[in-house]
Structures are given as C-alpha cells and as structure tokens.
Amino acid sequence: MSSLQHGVGDTDRGDAIVVIEGGTISRVQANQAYKVVTVSGTNYYGYGHMFNSLLPNQQTGQYLKSGKFVLKRCEPPFDDYYAIVDLEACIGYADLPNALDVGEVSLPGLNATFCGGTTIYATHEIFDGADIAPMGDAATGPVHLHLYRFKNTPGSHMQNPITIDNTGDPFYTIQHAAPNYIIELHSQNQPNGNISINYPGTMAQGLKARTIMQGATNPTNAGDRFSNVAMNVSRVEYRIKPEYSPDYVLIEGQDHESRIWLGATVDPIYPNFITNAYGNWVTTGQYPYAYTTGGNHPYDDYYFADFVTRIHRDDPMDGTATPTMIADCPQNARYNDGRYELKAVVTDVQGNTTEGPKDANNNLAPIEFTLDNFQPFIQHVTADIAGHTIYDRAWECMETCVQLANPLPDPECPYNSLLWPGAITVNVISSEPLGHLLLNVPELNITGLAPVTTPDNGLNWQYVVPFGASQLLKFDKIRFEFQGADMSDNELMNLFFPGPGTPCVELPVRMANGWSSNEIPTGTDLTHYFYINCGQHKPGNKNSNETTLTIIPEADCVDVTWTVTPASGP
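Numbered per the numbering used here, the sequence shown spans residues 3 to 572.
A few of these clues could be false.
Simulated DEER-style distance windows between Cβ atoms [to be verified]:
#1 141 with 78: 25 to 35 angstroms
#2 104 with 20: 16 to 26 angstroms
#3 70 with 252: 28 to 38 angstroms
#4 104 with 252: 20 to 30 angstroms
#5 491 with 196: 15 to 25 angstroms
Hints were generated in silico from the structure; no laboratory data involved. No experiment lies behind these values; they were computed from the predicted model shown. Ideal Cβ positions, reconstructed from N, Cα and C, are used throughout, including at glycine.
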C-alpha cells in the first residue's frame with residue numbers, strides 16, 4: 003500500500019481518482035469510516051480514503067457527496083450494495099454479484115436530470131482512464147489516497163482484501179519516482195561502517211542495514227510524507243564471503259537466512275513473523291521510519307539478529323536443533339575463522355538492486371571484519387618424493403574434540419627416486435586461514451622455508467624441500483616443524499598425540515574474555531615426522547601411531563648408516 007497526496011492540506015478534497023486500469027468492481031467498502039473501492043483487472047488495485055468518515059443512513063435516504071461523486075446504496079434487490087455515482091458521466095459503480103446485473107440508484111434530492119432523470123444505473127465494470135471516486139479522508143490527517151495492490155481477488159464482495167498477506171506494493175506494476183539508495187551497515191554499539199563480533203561465538207550477532215532515500219524532500223506541514231520520491235524497498239539481504247572467495251552468499255543463522263522480504267511483490271514474506279514485530283538488535287525484521295507519524299525520516303532500518311558465528315555446518319537452520327548445534331573445531335564450523343567481507347543488497351519492487359556500503363567514488367566498499375573463534379593448528383600434512391606419497395597425517399574433527407588420524411600403513415619409496423629430483427613436496431592444510439606459515443626441517447638444515455606461493459585462501463600451502471640422498475638417509479627420523487599465525491596473530495598450537503587414554507584433544511575456544519583454556523602450548527607445531535627404514539638398523543614403526551618410510555629395494559640400503567634422533571625429539 004502507498005499513501006499519496008497531491009494537494010496542500012485539504013484543497014484536493016473531491017478531486018477525481020482515475021483508475022490505473024479498468025476491470026471489475028470487486029468491492030465497495032462504504033459502510034464504515036474508512037472507505038475503499040477495489041478493481042480487479044490484469045492487476046488488482048484498491049483506492050482508499052474516498053469521501054469521508056460519515057456513514058450515510060439508508061433508512062432516511064441519506065447519501066454522501068464529494069466533488070462530482072455520490073455514495074449511496076442501490077435500490078432493491080441490490081440494497082446490500084453501495085454504488086459510487088459519477089454525476090458527470092451519469093454512471094454508477096457497484097460490486098454487484100453478476101456480470102449482467104444492473105443496480106438502480108435513486109437520487110431524488112439531486113439535480114441529476116441532465117442524466118435523463120433522477121435514477122442512475124450502476125454496473126460492476128469500469129474502463130481504463132475512468133474516474134472512480136473522490137479524494138477524501140477518514141477523520142484524521144489531511145486528504146490523501148491509499149493506493150493498494152492486492153495479490154488475490156476476494157471470494158465475495160463481503161470479503162475484505164486488506165490483509166497483511168494479501169497487500170503488496172502498487173509500485174510493483176506502475177511507474178513512479180524511484181529513489182537512489184544509500185546503504186549504511188554496522189553492528190550494535192558501533193558507528194556506521196564498523197562490525198564488532200560478539201564472543202563467545204555461541205551468541206547471536208546483530209547486524210543493521212539502513213536504506214536511505216538519497217535527496218528525499220519532506221514537504222512543509224506534511225511530517226510523514228515525501229514530495230519527490232517514494233520508498234519502494236522490497237527486499238534487503240545481507241551477503242557475506244571470506245576475503246579470498248569471489249562469491250557472496252546469504253548468512254545461514256540458527257533459524258533463518260539473512261534476508262528480509264517484505265512481500266511487496268509476488269515474494270512471500272520472510273521471515274514470516276516480521277509482520278507482528280518491529281526489527282531490532284535481537285529480532286530480525288524491519289523498523290520503519292519513512293512515513294512514520296511523528297518520527298518520519300527518509301530511511302528504514304533492517305535488522306538481522308540470527309548470526310551465530312560458531313554455528314555448526316550441519317545445523318538445520320530451522321530452529322529444530324535445541325540447543326543450536328555449535329562447532330567445537332574449525333572444520334565443523336559453518337563460518338571458519340579468518341577475514342570476511344559483508345555487504346547489503348537492496349532490491350526495490352521493480353527488481354532494481356543497490357549494493358552497499360559504497361565509498362566516495364560510488365564503488366562497493368564492503369565492511370571487513372575478522373572471526374576468531376579458534377586458535378590455529380596444522381590440520382593436514384602430506385609429503386611425496388617423485389610422486390610417491392611418503393607421509394599423510396591429519397587431525398579429524400570428532401564430536402567435541404580433534405583426533406589424529408591413523409598414519410599411512412607402510413609407505414614405500416624406491417631408492418632411485420631419492421636421486422632425482424632430490425626434493426620432498428610438502429602440502430599443508432591449515433585449520434584456518436593463516437597470515438604466514440614457515441617450515442623447518444632440522445635434519446636437512448632447512449629453517450624458515452617459505453611456501454612456493456602464498457595461497458589466496460590462506461589454507462593450502464606447498465613447500466619444496468631440497469635434499470641429497472645421503473643427507474636424507476643419514477637420519478632415522480625426518481621432522482616437519484611449522485611456525486605461523488592466523489589473521490588475529492594467534493600463533494600455531496602444538497597439538498600432541500595424547501595416547502590411548504585420551505584419544506581426543508579438546509580445542510580452546512574464544513570466550514568473552516580470553517580463551518576457554520591455555521593448556522596447549524603455542525609457537526611451533528611439532529606433530530609431523532616420519533621414520534626411515536633403510537640400512538643396517540631398521541627402526542620399524544615406533545608404535546602404531548607413527549609413520550615409517552621403507553626404502554626399496556632393501557639391497558640398496560645395505561651400506562646405509564644413519565644417526566639416531568635424540569630421544570627428546572617428538
């Protein structure tokens with residue numbers, strides 16, 4: 003529904019309302035203070051605030067007159083129906099039950115003889131461009147028109163089409179003065195353009211987008227109106243992406259996606275409860291300011307209050323998981339740690355979209371923020387020599403902890419592959435995006451080795467470790483040690499294999515003040531290493547949770563001797 007006024011004060015009372023398109027008169031709601039006539043054609047429109055708030059008394063033959071229009075009941079047998087009579091066109095309009103019905107309207111008190119008598123005949127059809135009713139009011143406020151677009155035609159003339167689910171924005175189908183929108187975006191207690199994340203990540207995070215009509219003019223003495231543009235927002239959606247990703251997506255909260263659809267077009271209302279409550283920091287929905295009596299501003303606010311940053315990726319997002327499923331490790335989080343970009347997308351009723359916020363040059367300037375629910379660790383390491391996988395270990399997310407997966411059973415590598423190209427390719431997946439990650443291989447005198455390239459996503463790292471065969475086979479153990487930090491400068495945790503008694507490691511998580519635990523040391527990850535089976539001494543597997551690489555054929559290892567790694571090592 004839109005509210006329109008084209009005069010100052012009440013100077014436009016009685017002016018004719020011209021139908022947007024012709025069709026069938028579906029309803030003349032005239033027996034109460036607020037009067038509406040509806041027309042069903044290609045679209046279904048309603049025109050409200052015709053005449054005034056008075057009720058004509060049928061028993062005394064009363065009628066209402068405004069401008070060239072009269073409102074009066076038809077004569078029997080259609081005396082349940084009101085007709086709007088155009089005295090200049092000599093025709094009446096009524097929501098009669100059948101297409102061929104004609105209602106008589108007796109106007110003995112009016113000089114309507116130029117119409118051929120004092121009886122006017124009413125039909126339920128009206129043509130394009132015809133005048134249908136006078137501008138009016140309903141006892142409060144200046145004269146104005148409420149213009150409706152309905153989604154469905156009522157079943158009978160007694161059924162009121164003005165319901166929350168049935169009303170849409172008429173600007174969906176008619177041309178109008180559409181504004182350009184400025185979009186502001188922030189979180190609670192933060193200035194425009196700032197997002198502050200609440201911790202722990204089990205709490206819902208509130209976001210607000212303000213849609214401002216650029217250059218909207220508020221006319222004098224019309225505190226709840228605008229003279230040059232019309233607010234026509236249909237949808238507001240929050241869209242998020244990791245810094246490294248090209249694609250923005252809707253936020254998936256514990257109950258809803260990050261979209262507010264007003265149902266102004268053919269869209270359903272989403273979430274469906276927004277018709278019963280204004281939006282705020284704890285309730286998803288709209289808080290309307292435009293056209294609000296006593297508090298009119300050229301903007302509306304749209305809240306999304308359902309962003310749980312540590313939500314589990316398998317949460318059904320429908321409120322059925324009680325409590326909400328929460329991730330205890332980053333691999334199970336719907337939103338892993340790292341840097342994110344957030345924008346709002348505003349769609350008007352005719353499908354035009356605006357993204358924001360924007361910078362001074364009108365370029366998209368998404369809000370940047372960093373999630374930090376977990377401390378980082380090396381999640382997966384593989385290594386190969388000349389295409390032969392020699393090492394593969396990973397931490398797997400369990401219900402409430404992480405567990406080091408079993409090693410490769412018995413990896414083998416031909417002796418000749420050690421001679422050329424003389425390099426170990428090490429591929430690493432970090433638990434979350436890292437700002438930097440360096441590799442040490444003490445036995446090969448490698449310190450602070452940088453990756454081949456810095457990964458765009460901060461997750462997938464590759465290193466090329468040079469070696470000579472004699473150097474590699476000199477030791478019984480080769481260690482991969484990692485040093486790095488995440489986007490919040492948290493250093494890598496040194497996760498350890500806890501042994502048979504404690505098969506899982508419970509990860510610390512971010513709380514309102516600090517971390518849930520500080521028991522796991524940080525600085526250098528010492529988890530990953532493998533033994534070499536070649537030469538006079540065959541270490542074999544130290545235990546079932548360690549990797550031993552066997553060099554084949556055994557004959558090539560007869561003369562190999564190696565140095566035993568000190569017991570203090572991992």
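Hints versus structure:
1. 141 with 78: 25 to 35 angstroms: holds, 31 angstroms
2. 104 with 20: 16 to 26 angstroms: holds, 24 angstroms
3. 70 with 252: 28 to 38 angstroms: Between residue 70 and residue 252, where Cβ atoms are some 52 angstroms apart, the hint is violated.
4. 104 with 252: 20 to 30 angstroms: violated, 55 angstroms
5. 491 with 196: 15 to 25 angstroms: Taking Cβ atoms as reference, residue 491 and residue 196 lie about 20 angstroms apart, which means the hint holds.
Comparing the model with each earlier hint shows violations of hints 3, 4; every other hint is respected.
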